[in-house]
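Generate coordinates for the entire structure from the input sequences, incorporating the hints supplied.
As a plain string of letters, each chain reads:
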Amino acid sequence: MGKTERKTTLRSKDEKSLIVALKEAQNKLGYVPQELMVELAQRNGLSLSEIYGVATFYSFISTKPAGRNVIKICKSVPCYLKNCETIIKSVEQETGIKPGQTTTEDGRFTLQLVNCIGACDKAPAMMINNDVHVDLTPSKISQILNGYK
Amino acid sequence: MPKKRIVLRNCDTIDPRQIATYVERDGFKALKKVLDEKAPELIIEAIKASGLRGRGGAGFPTGLKWELARKSAGDEKYIICNADEGEVGTFKDRYILEKDPFTLIEAMAIGGYAVGAKKGYIYLRAEYHYLLDTLTNAIGQATENKLLNHFDIEIREGAGAYVCGEESALMESIEGKRGEARYRPPFPPTKGLWEKPTIINNVETLMNIPPIILNGAQWFSQMGTERSKGTKVFSVSGDVGRPGVYELVLGSKLRELVEDLAQAKKIKMVQIGGATGRILPYDMIDTPLSFETVLGAGAVTVFDESRDIIDIVYRTMEFLAEESCGKCVPCRQGTEAMVEIMRSFSRGEGQKKDIRLLEELSSAMALSSMCGLGQAAPTAVVDTLKYFKDAYENRISKN
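Chains as they are written, first to last, in the numbering used here: chain A, 110 to 258; chain B, 5 to 403.
Just to be clear, a hint being listed does not mean it is correct.
Said to hold, decoys possible - Taking lysine-lysine and the DSBU-like style, the derived pairs with C-alpha atoms no more than 30 Å apart in a straight line are:
1) 198/A x 122/B
2) 198/A x 269/B
3) 8/B x 36/B
4) 36/B x 231/A
5) 7/B x 331/B
6) 181/B x 173/A
7) 357/B x 390/B
8) 272/B x 7/B
9) 257/B x 269/B
10) 8/B x 272/B
11) 52/B x 122/B
12) 137/A x 181/B
13) 257/B x 122/B
14) 393/B x 357/B
15) 269/B x 231/A
16) 173/A x 393/B
17) 270/B x 181/B
18) 272/B x 231/A
19) 402/B x 272/B
20) 269/B x 249/A
21) 257/B x 52/B
22) 257/B x 231/A
23) 8/B x 231/A
24) 42/B x 122/B
25) 37/B x 52/B
26) 103/B x 8/B
27) 195/B x 331/B
28) 198/A x 270/B
29) 8/B x 52/B
30) 7/B x 231/A
31) 249/A x 103/B
32) 331/B x 357/B
33) 207/A x 258/A
34) 231/A x 103/B
35) 150/B x 52/B
36) 257/B x 270/B
37) 33/B x 7/B
The set of hints was computed from the structure by calculation and includes no laboratory data.
In structure tokens:
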């Protein structure tokens, strides 16, 4: 299969978009395993590195296993002005992990610091999975986290 | 100048889950009108005459964009609604989508008819997944009511990438690829999604279409300044008493927005347009908000006197370095170099030559980056060097 032909495969609008497929796996498994990337590469006539390139480009797709609940605390300027640092500290204390880490014994939480999630009017804000939590204070954190098992 | 609700006219008035409440307020009347008149050229003429310009930040004339797409050869064309609102400090589209999804759908159907597109995409940012249900429901109700017979709307969710709000990166993403900017020309109205003629408009831009069709181009063009017609929706956050979404006639003063409406006090500076937006000192608070002056996508972040300018610019550059797609050198390397220099200033270890270096780097990035991200990335540095040079000079190492 020639190179031009391969590009066309990716461009085909009739097929399910590669990103849609990657996101489905992400939602189901919490990450995109390498076997799936190999399979997608074969199915789409692409190299594994191309699939890997797409998967690692987007922050909502992960190639490493994550916790059952992914905490994304906004660290952008509007949340920073509303003391997101104290929220980060509070979440770190509650979960015992630092940004980028996953709780090891139970795999319950992964903590990430992210850019603007569009809740600046109710800053500081964070997302847990697809839920948005706003107007945060350190004292609210424990109760919010209790809702995610 | 007054507050005026055109884009937000239905927010908190209709029930975003009940199409009947939208229809009661002249909903889908504009679509019916254009389908009855069967003169797509007239729609485009009206949009051109209204003076409507893109609300995503770039301000390209909407009618002209539509005309270019209409005149492009081919039967297969697309309309995309850019709902990848990722600019730091922007949340107006979230507010609009949450409260009035129907106007957007009607506008896309009108746009589709005007340019000859049978398919539309809404590219929704991943962070707004919780709005998916509202949008899907609205499209479903419009379809059930046989309002979208000529037109199909599909929602594509993003996967977390700031740069995908940039139109060419967004189209790459819909095609299933890395969201990297494309070389232009060709521009989307000639070769866009899957290399077919495509119009891509911001949520807020589209929200203006049905009112313009119903009330006429002149009604719209009477509002605003010479080159900025209609209203703008602003997202105000930071050091203000009442953060939120405000719609003002274009040309209104920054003071009215941040002091009168959002209740800011002791302002040091205001950033308008998010991470790549302009920064104005308090003594420019009477600047009118328009395409001629400052606007962007309408993110307005207010900083009071307690804030450290160097710290804010450093954080802004960190953000841009993280979100640069990495395709072109000036943006990829330039943002990283700026982060390093800003870091040294933030530690009080700046060098005198760093100021000149920042200036040189800024102009190189603005001139040679491939897309708006890199071209506008140095803005915070450029503006603070212009208005707050002391802040830099005070952080130059004494050693």
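Going through the hints against the structure:
1. 198/A x 122/B: Not OK: residue 198/A and residue 122/B at ~50 Å, beyond 30 Å, violated.
2. 198/A x 269/B: holds, 29 Å
3. 8/B x 36/B: The given pair, whose Cα atoms are some 26 Å apart, holds under the 30 Å limit.
4. 36/B x 231/A: violated, 39 Å
5. 7/B x 331/B: Measuring from Cα to Cα gives roughly 42 Å; hence the hint is violated.
6. 181/B x 173/A: Holds - the C-alpha atoms of residue 173/A and residue 181/B are around 20 Å apart, at most 30 Å.
7. 357/B x 390/B: holds, 16 Å
8. 272/B x 7/B: Between residue 272/B and residue 7/B the Cα gap is close to 25 Å, so the pair holds against 30 Å.
9. 257/B x 269/B: With a Cα-Cα distance of about 16 Å, the restraint between residue 257/B and residue 269/B holds, given a limit of 30 Å.
10. 8/B x 272/B: Cα-Cα ~28 Å, so holds.
11. 52/B x 122/B: Between residue 52/B and residue 122/B the Cα gap is close to 22 Å, so the pair holds against 30 Å.
12. 137/A x 181/B: holds, 21 Å
13. 257/B x 122/B: violated, 41 Å
14. 393/B x 357/B: holds, 13 Å
15. 269/B x 231/A: This hinted pair holds, its Cα atoms lying about 19 Å apart.
16. 173/A x 393/B: Measuring from Cα to Cα gives roughly 44 Å; hence the hint is violated.
17. 270/B x 181/B: violated, 46 Å
18. 272/B x 231/A: holds, 22 Å
19. 402/B x 272/B: holds, 26 Å
20. 269/B x 249/A: holds, 28 Å
21. 257/B x 52/B: This hinted pair holds, its Cα atoms lying about 26 Å apart.
22. 257/B x 231/A: This hinted pair holds, its Cα atoms lying about 24 Å apart.
23. 8/B x 231/A: Judged against 30 Å, a Cα distance of about 24 Å means the pair holds.
24. 42/B x 122/B: Holds, at roughly 15 Å.
25. 37/B x 52/B: It holds: about 18 Å lies between the C-alpha atoms, which stays within 30 Å.
26. 103/B x 8/B: holds, 17 Å
27. 195/B x 331/B: holds, 20 Å
28. 198/A x 270/B: holds, 29 Å
29. 8/B x 52/B: holds, 22 Å
30. 7/B x 231/A: holds, 22 Å
31. 249/A x 103/B: holds, 27 Å
32. 331/B x 357/B: Roughly 28 Å separates the two Cα atoms, so the pair holds.
33. 207/A x 258/A: Between residue 207/A and residue 258/A the Cα gap is close to 19 Å, so the pair holds against 30 Å.
34. 231/A x 103/B: holds, 17 Å
35. 150/B x 52/B: holds, 29 Å
36. 257/B x 270/B: holds, 17 Å
37. 33/B x 7/B: Holds: residue 33/B and residue 7/B sit about 25 Å apart, inside 30 Å.
In the structure shown, a violation is registered for the earlier hints numbered 1, 4, 5, 13, 16 and 17, in ascending order.
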